[in-house]
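Protein chains in written order, with our numbering: chain A, 548 to 739; chain B, 548 to 739; chain C, 548 to 739; chain D, 548 to 739.
It is worth saying that the hints were derived from the structure and are not from the lab. Please note: incorrect hints may appear among the correct ones.
Identical copies look the same in the list; a pair holds intra-copy or inter-copy alike.
Lysine-lysine pairs mimicking DSS-like chemistry, simulated, CA-CA at most 25 angstroms apart [as the list claims (entries may be wrong)]:
id, residue 1, residue 2
1, 601, 732
2, 629, 687
3, 736, 601
4, 732, 584
5, 601, 629
There are 4 protein chains.
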Amino acid sequence: MTTIAIVYHSGYGHTAVVAQAVAEGVTRAGATPKLLKIENAAQDFAPLLEEASKADGIIFGTPVYMGDVSAALKAFFEASSKIWYTQGWAGKVAAGFANGLTAAGNKDNALGSIFVLAMQQGMIWVGTGLMPGNMEGNSKAAPEAMNRLSYSIGVGTQSDNAGPDVTPPSGDKDTARHLGERVAKIAAKLSA
Amino acid sequence: MTTIAIVYHSGYGHTAVVAQAVAEGVTRAGATPKLLKIENAAQDFAPLLEEASKADGIIFGTPVYMGDVSAALKAFFEASSKIWYTQGWAGKVAAGFANGLTAAGNKDNALGSIFVLAMQQGMIWVGTGLMPGNMEGNSKAAPEAMNRLSYSIGVGTQSDNAGPDVTPPSGDKDTARHLGERVAKIAAKLSA
Amino acid sequence: MTTIAIVYHSGYGHTAVVAQAVAEGVTRAGATPKLLKIENAAQDFAPLLEEASKADGIIFGTPVYMGDVSAALKAFFEASSKIWYTQGWAGKVAAGFANGLTAAGNKDNALGSIFVLAMQQGMIWVGTGLMPGNMEGNSKAAPEAMNRLSYSIGVGTQSDNAGPDVTPPSGDKDTARHLGERVAKIAAKLSA
Amino acid sequence: MTTIAIVYHSGYGHTAVVAQAVAEGVTRAGATPKLLKIENAAQDFAPLLEEASKADGIIFGTPVYMGDVSAALKAFFEASSKIWYTQGWAGKVAAGFANGLTAAGNKDNALGSIFVLAMQQGMIWVGTGLMPGNMEGNSKAAPEAMNRLSYSIGVGTQSDNAGPDVTPPSGDKDTARHLGERVAKIAAKLSA
Numbered sequence: 548m549t550t551i552a553i554v555y556h557s558g559y560g561h562t563a564v565v566a567q568a569v570a571e572g573v574t575r576a577g578a579t580p581k582l583l584k585i586e587n588a589a590q591d592f593a594p595l596l597e598e599a600s601k602a603d604g605i606i607f608g609t610p611v612y613m614g615d616v617s618a619a620l621k622a623f624f625e626a627s628s629k630i631w632y633t634q635g636w637a638g639k640v641a642a643g644f645a646n647g648l649t650a651a652g653n654k655d656n657a658l659g660s661i662f663v664l665a666m667q668q669g670m671i672w673v674g675t676g677l678m679p680g681n682m683e684g685n686s687k688a689a690p691e692a693m694n695r696l697s698y699s700i701g702v703g704t705q706s707d708n709a710g711p712d713v714t715p716p717s718g719d720k721d722t723a724r725h726l727g728e729r730v731a732k733i734a735a736k737l738s739a
Numbered sequence: 548m549t550t551i552a553i554v555y556h557s558g559y560g561h562t563a564v565v566a567q568a569v570a571e572g573v574t575r576a577g578a579t580p581k582l583l584k585i586e587n588a589a590q591d592f593a594p595l596l597e598e599a600s601k602a603d604g605i606i607f608g609t610p611v612y613m614g615d616v617s618a619a620l621k622a623f624f625e626a627s628s629k630i631w632y633t634q635g636w637a638g639k640v641a642a643g644f645a646n647g648l649t650a651a652g653n654k655d656n657a658l659g660s661i662f663v664l665a666m667q668q669g670m671i672w673v674g675t676g677l678m679p680g681n682m683e684g685n686s687k688a689a690p691e692a693m694n695r696l697s698y699s700i701g702v703g704t705q706s707d708n709a710g711p712d713v714t715p716p717s718g719d720k721d722t723a724r725h726l727g728e729r730v731a732k733i734a735a736k737l738s739a
Numbered sequence: 548m549t550t551i552a553i554v555y556h557s558g559y560g561h562t563a564v565v566a567q568a569v570a571e572g573v574t575r576a577g578a579t580p581k582l583l584k585i586e587n588a589a590q591d592f593a594p595l596l597e598e599a600s601k602a603d604g605i606i607f608g609t610p611v612y613m614g615d616v617s618a619a620l621k622a623f624f625e626a627s628s629k630i631w632y633t634q635g636w637a638g639k640v641a642a643g644f645a646n647g648l649t650a651a652g653n654k655d656n657a658l659g660s661i662f663v664l665a666m667q668q669g670m671i672w673v674g675t676g677l678m679p680g681n682m683e684g685n686s687k688a689a690p691e692a693m694n695r696l697s698y699s700i701g702v703g704t705q706s707d708n709a710g711p712d713v714t715p716p717s718g719d720k721d722t723a724r725h726l727g728e729r730v731a732k733i734a735a736k737l738s739a
Numbered sequence: 548m549t550t551i552a553i554v555y556h557s558g559y560g561h562t563a564v565v566a567q568a569v570a571e572g573v574t575r576a577g578a579t580p581k582l583l584k585i586e587n588a589a590q591d592f593a594p595l596l597e598e599a600s601k602a603d604g605i606i607f608g609t610p611v612y613m614g615d616v617s618a619a620l621k622a623f624f625e626a627s628s629k630i631w632y633t634q635g636w637a638g639k640v641a642a643g644f645a646n647g648l649t650a651a652g653n654k655d656n657a658l659g660s661i662f663v664l665a666m667q668q669g670m671i672w673v674g675t676g677l678m679p680g681n682m683e684g685n686s687k688a689a690p691e692a693m694n695r696l697s698y699s700i701g702v703g704t705q706s707d708n709a710g711p712d713v714t715p716p717s718g719d720k721d722t723a724r725h726l727g728e729r730v731a732k733i734a735a736k737l738s739a
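Required output: the full structure, derived from the provided sequences and hints.
Below, the structure is given as structure tokens:
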């Protein structure tokens with residue numbers, strides 16, 4: 548059975564909602580998701596690292612703070628240096644998602660930071676594999692549209708200044724489900 | 548008198564409209580804009596390089612093709628290697644703008660490519676210096692809002708699949724005017 | 548039989564030497580390499596695109612000019628927009644290599660540009676999967692050391708101001724062979 | 548009198564040595580350096596933010612951990628969001644330096660993360676403005692050469708697995724001095 552770890556940090560619950568959608572996508576592909584939540588930069592990361600190491604793929608998620616991954620996720624990345632020394636994650640599939648208040652807001656920079664960690668760890672990177680949400684122009688992409696903001700490196704979602712029960716919109720959550728499903732299918736092939 | 552060169556490529560006229568708005572911003576600051584249009588990757592770039600070299604600052608603009616600057620602009624960058632050998636643009640102010648069909652579409656990657664060229668040339672980089680278009684969330688940012696998509700490295704504009712007379716929207720053009728004005732003011736200080 | 552296309556541009560022959568080493572690595576993995584050389588930004592790319600489309604994976608190579616991929620490679624990327632419209636390369640494996648005169652020289656930016664193209668095309672990215680060339684510090688990494696400069700996103704090679712028969716050094720070519728082998732093995736698994 | 552804050556984190560003392568060299572460069576330009584050391588990701592950043600806010604320019608420094616800035620520096624960036632809300636650093640000069648064990652090691656990614664923070668804060672970015680350390684090829688650049696590794700976005704230094712009294716080499720420290728001097732001179736012009 549293919550298992551996919553979803554390691555994420557969430558400040559106000561929006562990124563957690565996206566992580567949940569990613570997990571649903573993993574399940575849809577017939578694989579098992581394992582949600583692993585980071586609490587803060589100072590916690591003991593050993594249990595999370597151990598769980599993540601058992602998975603066939605790891606999807607990393609972050610809120611975008613000042614244009615990059617959160618310090619809490621970065622602290623997890625640094626703790627993963629123990630695994631790096633033995634290249635323990637080499638060959639596993641990796642992907643990323645990032646949530647923020649704005650359409651751009653350097654979300655691609657946050658996704659790029661996740662990508663670099665994955666490359667240092669010898670992982671194999673899977674992006675969204677999605678066309679733009681609306682080929683007539685992004686201003687016409689409905690909140691329900693898959694990849695409405697048109698990210699390719701990873702999933703970029705946008706939540707308004709409201710509770711995680713109402714935002715980000717359904718299109719963003721569908722995009723997250725798609726990523727979970729895609730990663731799980733590729734991980735299944737690679738670990739066959 | 549401070550002069551700012553605006554070196555840009557435009558495939559279907561949308562980026563040219565943004566370049567025009569940048570020029571208006573330069574004028575608003577009491578400086579002189581010089582619009583320098585790139586036609587294609589195979590042209591003779593010597594006249595453009597000579598004109599750009601006379602300016603106190605250079606703002607580079609591009610359509611986003613496959614997630615990066617156009618090959619035509621990249622060809623201009625390569626032709627600027629002659630100037631690089633003598634660091635002829637060192638200390639000049641630089642900035643960038645990128646236009647595409649989508650909200651994200653790796654526009655930040657295109658702006659980042661312009662930034663790297665500017666750094667190789669020893670230039671000084673000026674971003675938008677703008678807060679997000681709407682602090683309640685980007686989905687609420689009107690087409691008339693300054694920095695509605697929330698770019699910081701440079702100006703990221705979005706045009707729909709329609710003529711340059713109707714798209715990108717006024718907010719994007721205002722953002723471009725702001726960049727032109729900001730660059731001109733900083734260049735004036737630096738060349739004082 | 549797994550086939551891997553190696554699409555590259557080379558200004559003075561050094562990147563061609565690296566491309567040849569990548570091809571040797573592909574062969575070492577029991578797969579078939581297909582070397583596809585780009586001549587310039589203005590050529591007809593249709594035959595190259597057709598050949599590349601037949602492969603199970605595509606490795607892109609470039610000289611680093613002014614801190615980024617060459618305009619010739621960027622022109623090829625733009626021509627690949629025809630394939631992008633149907634996501635014809637989706638699911639294929641992708642990787643990159645970049646050669647330049649210096650250790651850094653924004654080589655990572657050039658590799659990042661290749662990565663973005665691959666993501667737009669829905670491809671799956673494979674990096675070097677290599678530890679640093681010398682864990683005692685890069686200044687101690689011999690020219691014969693694998694990954695002596697310590698790149699992870701893709702292969703970064705460095706050639707001196709001399710002919711491609713003597714530079715880049717053997718360590719860089721070994722690193723390129725490793726990438727070819729790694730990509731071929733992963734592509735074989737994914738297309739099984 | 549122009550003052551330049553140098554905000555840095557240092558794990559084993561090597562980045563601190565580079566920070567000291569940056570400060571010497573600031574002094575050489577006739578300006579006043581203010582060294583502000585970050586201890587860890589969980590500290591109270593209010594005093595550092597207050598000091599940094601008094602300066603005409605801020606140079607940020609970091610060790611490279613897993614290919615990016617340290618979590619401690621990222622935590623400082625997040626704490627600077629209070630200043631971002633009022634764009635309190637807008638118009639100040641910014642620059643960066645990053646130290647690591649290897650020549651590449653995604654140092655440019657760490658410098659890029661610093662750059663993005665500076666852009667979000669509305670700052671003006673100054674790179675090295677330096678040619679490669681040796682135009683015959685980086686493998687010929689002596690440890691005493693300025694910009695021996697050829698970074699342009701910011702200063703990239705490399706220390707071996709030895710004490711900060713012997714590594715990074717003198718060329719790297721000279722490059723750091725150059726950056727401090729360059730930033731101070733530009734900040735003096737802009738605040739005149």
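So, going through the hints one by one against the coordinates:
| no. | hint | in the structure |
| --- | --- | --- |
| 1 | 601 / 732 | both (17 angstroms within a copy, 22 angstroms between copies) |
| 2 | 629 / 687 | between (46 angstroms within a copy, 23 angstroms between copies) |
| 3 | 736 / 601 | both (17 angstroms within a copy, 20 angstroms between copies) |
| 4 | 732 / 584 | within (23 angstroms within a copy, 33 angstroms between copies) |
| 5 | 601 / 629 | within (15 angstroms within a copy, 39 angstroms between copies) |
Every hint from the earlier list agrees with this structure, and none is contradicted.
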